[in-house]
Amino acid sequence: DVKVTQSSRYLVKRTGEKVFLECVQDMDHENMFWYRQDPGLGLRLIYFSYDVKMKEKGDIPEGYSVSREKKERFSLILESASTNQTSMYLCASSLSGWGHEQYFGPGTRLTVT
Amino acid sequence: QQQVKQSPQSLIVQKGGISIINCAYENTAFDYFPWYQQFPGKGPALLIAIRPDVSEKKEGRFTISFNKSAKQFSLHIMDSQPGDSATYFCAASTSGTYKYIFGTGTRLKVLA
Numbered sequence: 001d002v003k004v005t006q007s008s009r010y011l012v013k014r015t016g017e018k019v020f021l022e023c024v025q026d027m028d029h030e031n032m033f034w035y036r037q038d039p040g041l042g043l044r045l046i047y048f049s050y051d052v053k054m055k056e057k058g059d060i061p062e063g064y065s066v067s068r069e070k071k072e073r074f075s076l077i078l079e080s081a082s083t084n085q086t087s088m089y090l091c092a093s094s095l096s097g098w099g100h101e102q103y104f105g106p107g108t109r110l111t112v113t
Numbered sequence: 001q002q003q004v005k006q007s008p009q010s011l012i013v014q015k016g017g018i019s020i021i022n023c024a025y026e027n028t029a030f031d032y033f034p035w036y037q038q039f040p041g042k043g044p045a046l047l048i049a050i051r052p053d054v055s056e057k058k059e060g061r062f063t064i065s066f067n068k069s070a071k072q073f074s075l076h077i078m079d080s081q082p083g084d085s086a087t088y089f090c091a092a093s094t095s096g097t098y099k100y101i102f103g104t105g106t107r108l109k110v111l112a
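Taken in sequence, the protein lines are chains A and B.
Quick note: the first sequence uses the working numbering, first residue 1, plus one each step.
Quick note: the second sequence uses the working numbering, first residue 1, plus one each step.
Honestly, the hints are just simulated from the structure, not real lab data.
Hints are supplied without guarantee of correctness; some may be wrong.
[Claimed, not checked] Estimated spans, in silico, between C-beta atoms of each pair: (1) B/L111 with A/G97: 19 to 29 Å; (2) A/E69 with B/A70: 44 to 54 Å; (3) B/G16 with A/E22: 36 to 46 Å; (4) A/I77 with B/V54: 34 to 44 Å; (5) B/N67 with A/V52: 36 to 46 Å; (6) A/S7 with B/I12: 27 to 37 Å; (7) A/S8 with B/F39: 14 to 24 Å; (8) B/L46 with A/E22: 21 to 31 Å; (9) A/L95 with B/D79: 24 to 34 Å; (10) B/Q3 with A/E62: 14 to 24 Å; (11) A/E56 with B/Q3: 11 to 21 Å.
Because the structure is a prediction, the values reported are computed rather than measured.
C-beta: ideal position from N, C-alpha, C; glycine also.
Just chain A, with the same shape it has in the complex (with noise of 0.2 Å):
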């Protein structure tokens, strides 16, 4: 079974916190996603990655960046936390090429105050 696993399940954290979101996967997929999931709003992509230390902007980077120094794991990072990142935070990973399933880990609630 893959298995995509987030380093919390929830994060509370204040305004200008820099904050580190960890996932980990175990099945050897070149490709990671991380999305953020909002009411009525959906799946956004914020950044994939193809490869170590390979990344791209998906469809809302702004304010975040990532990191993929080895290949089963993908950190998502904001540098300074505001109000407006209070969300879910999906990782997901996929296998090289294009048309395979992405499996999500369970997301973390993260709050910023």
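Given chain A, work out where chain B should sit, using these hints.
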């Protein structure tokens, strides 16, 4: 043009009824259309997917209908069960990209 419009936002169906969720798109380059199911507290999981060379795909009680000329596709859940209560997302993707464009989601509740 990159959007996928999903409706309805929420749906309540009696047990044994048919649940229908619709999605529409503009970008004719989309050629892969998956549906994801998300239970509370869990991440989305792939339910069923279709490519535009077929008009219908069925897996158990779940069917995708695809209308290429209308640029619409829909999910039908036959004999809906309370265990089907979840949020459903349609998505679309283009050959050669890793990116999915997700719809806004439909929260389905099946009454016992």
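Requested in this report: Confirm or reject the claim that B/L46 and A/E22 have a C-beta distance inside 21 to 31 Å.
Outcome: holds (23 Å)
Query raised in the report: Between A/S8 and B/F39, does the beta-carbon spacing fit 14 to 24 Å?
Result: holds (20 Å)
**Report entry** B/Q3 paired with A/E62, Cβ distance criterion 14 to 24 Å
**Finding:** Distance hint for B/Q3, A/E62 holds at roughly 19 Å.
Query raised in the report: Falls inside 34 to 44 Å, the C-beta gap from A/I77 to B/V54?
Result: 42 Å Cβ-Cβ, so the 34 to 44 Å window holds.
Query raised in the report: A/L95 and B/D79, beta-carbon distance inside 24 to 34 Å?
Result: holds (33 Å)
**Report entry** Distance restraint evaluation - A/E69, B/A70, Cβ atoms, bounds 44 to 54 Å
**Finding:** holds (46 Å)
Query raised in the report: So the hint says 36 to 46 Å: do the beta-carbon atoms of B/G16 and A/E22 match that?
Result: For A/E22 against B/G16, whose Cβ atoms are near 43 Å apart, the range 36 to 46 Å holds.
Query raised in the report: CB of A/E56 to CB of B/Q3, is that within 11 to 21 Å?
Result: About 20 Å separates the Cβ atoms of A/E56 and B/Q3, which means 11 to 21 Å holds.
Requested in this report: Please test the hint of 36 to 46 Å on the beta carbon pair from B/N67 and A/V52.
Outcome: For A/V52 against B/N67, whose Cβ atoms are near 41 Å apart, the range 36 to 46 Å holds.
Query raised in the report: Cβ-Cβ distance between A/S7 and B/I12: within 27 to 37 Å?
Result: holds (36 Å)
Query raised in the report: Lying within 19 to 29 Å: is that true of the beta-carbon distance B/L111 to A/G97?
Result: Distance hint for B/L111, A/G97 is violated at roughly 41 Å.
The structure fails to meet hint 1 from the earlier list, while all remaining hints are met.
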